[in-house]
Amino acid sequence: MKRTALVTGAAGGLGALAARRLAAAAWDVVAVDTDEAGLAETALRSPNMHVRTCDVTDPGAVLDLLALIGPVHRVVHAAVTAPAGAALDQPPAEVKQVLDTDIYGTMHVVRATLPGMLERGAGELALCAPPPRAGAAAAASGAVAAYAEALFREHGGRGVTIRCVQLDDAAPPRLALDALDRSLARPPGDLHVRPGRRRPALVEGIRSALNLRPTE
Amino acid sequence: MQAHAIQGERVTLPVRIRDAAVGSAMFAVPARAAQAVIAYSGLEVAAPLPGRAICSLAFVRYADGDLGPYHEFAVAFLVRPPEAEPPGVLGRLRGVGAFIHWLPVNQEFTLDAGRTIWGFPKEITDIPMDLAGRVKRCAVRLGGRTVIEVAVKPGVPMPAGTAAPKVDAYSCLDGVTRRTPWTLTPSEVRTRPGGAKVVLGDHPVAEELRGLGLDRARALSTSTVGHLQMVFDGAEEVRR
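Those sequence lines, one after another, are chains P and U.
Per our numbering, the first sequence starts with residue 1, numbered consecutively.
Per our numbering, the second sequence starts with residue 1, numbered consecutively.
With the rest of the complex left out, here is chain P:
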């Protein structure tokens, strides 16, 4: 059975690694970005990876993409940007670009993919909250996390696993994706995946032994 994964921001960084790991695990991967050359590099010699250039800030383009690729079983939405510009120094154009990509982009991807998953009663939706470095990126990080909480309240427990990976500069993409994998292996699990902050192993052991419900 072929499972399809949609990975955004797949031309580099965490998105590229997520796409490659899923391809290695024999998923049918649709790798999406605006950077065509970067996408080609991610998909090099990977027969089960398909690349599509798409700008997630364009809701029409995202819907067209979904119509083209059909049902998606896992979404890793990693197309987020986090420039280090400080709140009072950031040019307005940069603020707008960060909010467009990180907040509106996330909403467009969710609105294009979550309804189908809910209809099928199955799926995994992983959103990335950008590292809250400064200014607009910090605002976007909080907004994506709050949006994920709203999705969880409105649609949790209907077969779709929702996760918000809270990126930070302390955890490299490898460890962030390991944390996401561990979290997805526990379907009730916690909504928020915080790769930089590890729970003590003992607490984790007791939690999994008791199979505790989500704490969010």
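It is possible that some hints are incorrect.
FRET-style restraints, in silico, Cβ to Cβ [as the list claims (entries may be wrong)]:
1) P14/U / K2/P: 28 to 36 angstroms
2) K2/P / G133/U: 22 to 30 angstroms
3) G142/P / E188/U: 29 to 37 angstroms
4) P181/U / K2/P: 34 to 42 angstroms
5) D64/P / R210/U: 52 to 60 angstroms
Derived contacts from chain P toward chain U, CB cut-off under 10 angstroms, selection only [as the list claims (entries may be wrong)]:
6) A16
7) R20
8) R21
9) V29
10) A43
11) L44
12) M49
13) S183
14) A185
Simulated from the structure, these hints should not be mistaken for lab results.
Beta carbons: idealized from backbone N, C-alpha and C, even for Gly.
Starting from the structure of chain P, add chain U where the hints point.
Just chain U, lined up with the frame of chain P:
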């Protein structure tokens, strides 16, 4: 520069793997039985302890490398280099190589590359793997049937940069035995004595491993590697 045409792509040597992750287990097995398993290669198993050979099982996730992303499972034996070697215990251990007896993968590009460039005994199977949990797990399945399942428990962290081992990988495909120079640069290594659980199915390779007692044996040691870089040079034929 040596190059090979694989599925319309030009693969140049050496082949570089920039990011892989590994779970592995080593077992001491009866040398005579192990020798019978690899006799077709013309090589001899290394016997660091009298009467005992070393069989190694490993599962690898290739995330970033010249052969694309894929999963791989390896059954290997430590072998003596085919040329003359210095006598004594140290001589017996020096220049030991790894004979790759079976190397299933789950992607076509690496299948073609592995068989064409190095004569690695690759074939296509399903290889589900969990490398994110405390216990690392892997299974090899053919036509929906399980060939082997391996689980590796967490070990203690090893100091970084202990070695960048250069190993010779040996393989034998279609009656030709080859040697491939192989360099490994591991980091985030954890290791421990014991710590492996092996379940065997009814595939011919599983039968061979059952004959070596792998489903009952305690592993000599198990290791996990969080981040592994590797370089594979071109293969040369070994005269028998």
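These are the hints, each one checked on the structure:
{"no.": "1", "hint": "P14/U / K2/P: 28 to 36 angstroms", "result": "holds (33 angstroms)"}
{"no.": "2", "hint": "K2/P / G133/U: 22 to 30 angstroms", "result": "holds (24 angstroms)"}
{"no.": "3", "hint": "G142/P / E188/U: 29 to 37 angstroms", "result": "holds (32 angstroms)"}
{"no.": "4", "hint": "P181/U / K2/P: 34 to 42 angstroms", "result": "holds (38 angstroms)"}
{"no.": "5", "hint": "D64/P / R210/U: 52 to 60 angstroms", "result": "holds (54 angstroms)"}
{"no.": "6", "hint": "A16", "result": "holds (8 angstroms)"}
{"no.": "7", "hint": "R20", "result": "holds (4 angstroms)"}
{"no.": "8", "hint": "R21", "result": "holds (5 angstroms)"}
{"no.": "9", "hint": "V29", "result": "holds (9 angstroms)"}
{"no.": "10", "hint": "A43", "result": "holds (9 angstroms)"}
{"no.": "11", "hint": "L44", "result": "holds (6 angstroms)"}
{"no.": "12", "hint": "M49", "result": "holds (8 angstroms)"}
{"no.": "13", "hint": "S183", "result": "holds (9 angstroms)"}
{"no.": "14", "hint": "A185", "result": "holds (7 angstroms)"}
Violated hints are absent here; each numbered hint is respected by the structure.
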